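2 protein chains.
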Amino acid sequence: MNTLTIIKIGGNIIDDPSRLEGFLGSFAAIQGAKILVHGGGRIATQMGERLGITPHYVDGRRITDAETLELVTMVYGGLVNKQVVARLQSVGCNAIGLSGSDGGVLRGRKRPVGKLDYGFVGDLDAASVNVRLLQTLMDAGLTPVLAPLTYDGASGLLNTNADTIAQEIAKAFSQIAAVALIYCFEKGGLLLDAEDESSVISSIGERGFRELVGAGAVSGGMIPKLDNAFAAIRAGVQKVIIGRAEDLPGLISGSAGTQIQ
Amino acid sequence: MNTLTIIKIGGNIIDDPSRLEGFLGSFAAIQGAKILVHGGGRIATQMGERLGITPHYVDGRRITDAETLELVTMVYGGLVNKQVVARLQSVGCNAIGLSGSDGGVLRGRKRPVGKLDYGFVGDLDAASVNVRLLQTLMDAGLTPVLAPLTYDGASGLLNTNADTIAQEIAKAFSQIAAVALIYCFEKGGLLLDAEDESSVISSIGERGFRELVGAGAVSGGMIPKLDNAFAAIRAGVQKVIIGRAEDLPGLISGSAGTQIQ
Chain G
6 MNTLTIIKIG GNIIDDPSRL EGFLGSFAAI QGAKILVHGG GRIATQMGER LGITPHYVDG
66 RRITDAETLE LVTMVYGGLV NKQVVARLQS VGCNAIGLSG SDGGVLRGRK RPVGKLDYGF
126 VGDLDAASVN VRLLQTLMDA GLTPVLAPLT YDGASGLLNT NADTIAQEIA KAFSQIAAVA
186 LIYCFEKGGL LLDAEDESSV ISSIGERGFR ELVGAGAVSG GMIPKLDNAF AAIRAGVQKV
246 IIGRAEDLPG LISGSAGTQI Q
Chain P
6 MNTLTIIKIG GNIIDDPSRL EGFLGSFAAI QGAKILVHGG GRIATQMGER LGITPHYVDG
66 RRITDAETLE LVTMVYGGLV NKQVVARLQS VGCNAIGLSG SDGGVLRGRK RPVGKLDYGF
126 VGDLDAASVN VRLLQTLMDA GLTPVLAPLT YDGASGLLNT NADTIAQEIA KAFSQIAAVA
186 LIYCFEKGGL LLDAEDESSV ISSIGERGFR ELVGAGAVSG GMIPKLDNAF AAIRAGVQKV
246 IIGRAEDLPG LISGSAGTQI Q
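Read top to bottom, the protein sequences are chains G and P.
The numbering of the first sequence is this note's numbering, which starts it at 6 and goes up by one.
The numbering of the second sequence is this note's numbering, which starts it at 6 and goes up by one.
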């Protein structure tokens, strides 16, 4: 394997069938080894409401209780994952859907109980990614599609952040391949002016980013996203790109999104 | 691959956590290549009720409408499949859960609309089993765990009978391996007296079975089950065994269940 493209999509694209279909068509067209990591979306919330599952929040953070874990296993590991896989198959991409327990692909650790017990929430690091399994699958011409669920090492799953999964897989593979990690989100990239969608910064390094943060030009949610991207670069990931799922061909060619370097 | 053991379990074991755990422990202990096919269970019905999905029946047959397909994709492909895989991992069996679209493992055809339109229900034959993928996974030390869902060749899944899936996989592999196909159900085997659980017939051929049917000694539901078993034998499957999931070691060694030959 020389190159590997890892792409993360979230609810904003999963919840929109026509945009999802367009994205999956572009994803299928990517040459070489690739991995898709998907998050959840409103569908889990809607399904939870229909099932009468009351979300529990502590300090504004959603807690994954046993019922919620069952819900996300069904919706992320079943509905979303299998629908994405079937759609990819229909456009000629030989996708295979995996949750963390499948082949022990992603091993999570329950988040330690500090001020807050998040319940069945897991974190992972690059060492807990089963690189060998993913490589065996990709060598056989398959494209892994990962749900945001890690395996707890006993007999259960843990709800896990899809951004983190994508990042740790990227770090794990950076030892053996030139990895491009692409985060799709609701904006065209890092904006110089949060109100102006045309102000996408095409490339940025850590020093330039710190200057922007210092000048108050970068808004709250972007800071941890970019911090993670710089951490990935430091760990050996060759390219990290953020932008809109619809712009996927441009994100890959460099004509759209923000490249973090 | 010299030998392959294919086991089908249904709702009676899936719905009972402690019996399921015992079964999975015995399954994990089976030497050599193996595949588990699971059906649904009451959990899909219960989840459907909680979601307010009204089952549709025509002539006493349940129809898989779009909403029901979504339900079974979540429950069979997500919840049941991933829980079984996680439990197998916890007892040292490197399981990988698959629905039909994953790697295009099982290709179904929508059941033709005759007197009745079953909706999103699929049938498959041995030629639509992706033997190469299953073999690649087993060669890598993985144990496939299949949900009762086939891929429709376009962008969707089809609700498919788990007995049929197990049988067609067995037929497909009978060309290249000595296959033992084990159907677990609620009885100890084929009973000479339906009221007497101790009257298990330890082995039976097609002629002996026809005689029992002629004498009215075999009850309704058993006839198609055994017909399928004889069809598998004729197609080259080496052994077909029916019996109770709890008796798995005995079903394999020949000390329990009914062997069809």
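By construction, these hints were calculated from the structure, which means they are not laboratory data.
Careful: at least some of the hints might be erroneous.
[Stated by the list, open to error] Covered by chain P, per the in silico footprint, the following chain G stretches (three or more residues, Cβ under 8 Å):
1. 48-57
2. 90-98
3. 105-115
4. 137-148
5. 153-163
6. 198-204
[To be verified] Distance ranges between label pairs, derived from CB positions:
7. P/20 to G/120: 37 to 43 Å
8. G/97 to P/180: 24 to 30 Å
9. P/51 to G/197: 50 to 56 Å
[Claimed, not checked] Short derived list, chain G residues pointing at chain P, Cβ under 8 Å:
10. 75
11. 102
12. 230
13. 238
Keep in mind the model is a prediction, meaning the values are calculated, not measured.
Note that CB positions come from ideal geometry on N, CA and C, so glycine has one too.
To see whether the hints hold, each was checked on the structure:
1. 48-57: holds (count 4)
2. 90-98: Holds: 5 residues of the region 90-98 of chain G have a Cβ under 8 Å from chain P.
3. 105-115: holds (count 4)
4. 137-148: holds (count 4)
5. 153-163: Since three or more residues must qualify, the claim that chain P covers the region 153-163 of chain G holds, with 8 doing so at under 8 Å.
6. 198-204: violated (count 0)
7. P/20 to G/120: 37 to 43 Å: holds, 39 Å
8. G/97 to P/180: 24 to 30 Å: holds, 28 Å
9. P/51 to G/197: 50 to 56 Å: holds, 53 Å
10. 75: holds, 6 Å
11. 102: Where the cut-off is 8 Å and the nearest Cβ of chain P is about 5 Å from residue 102 of chain G, the hint holds.
12. 230: violated, 28 Å
13. 238: Violated: closest Cβ of chain P sits about 32 Å from residue 238 of chain G, beyond 8 Å.
Against the hints set out earlier in the document, violations occur for numbers 6, 12, 13.
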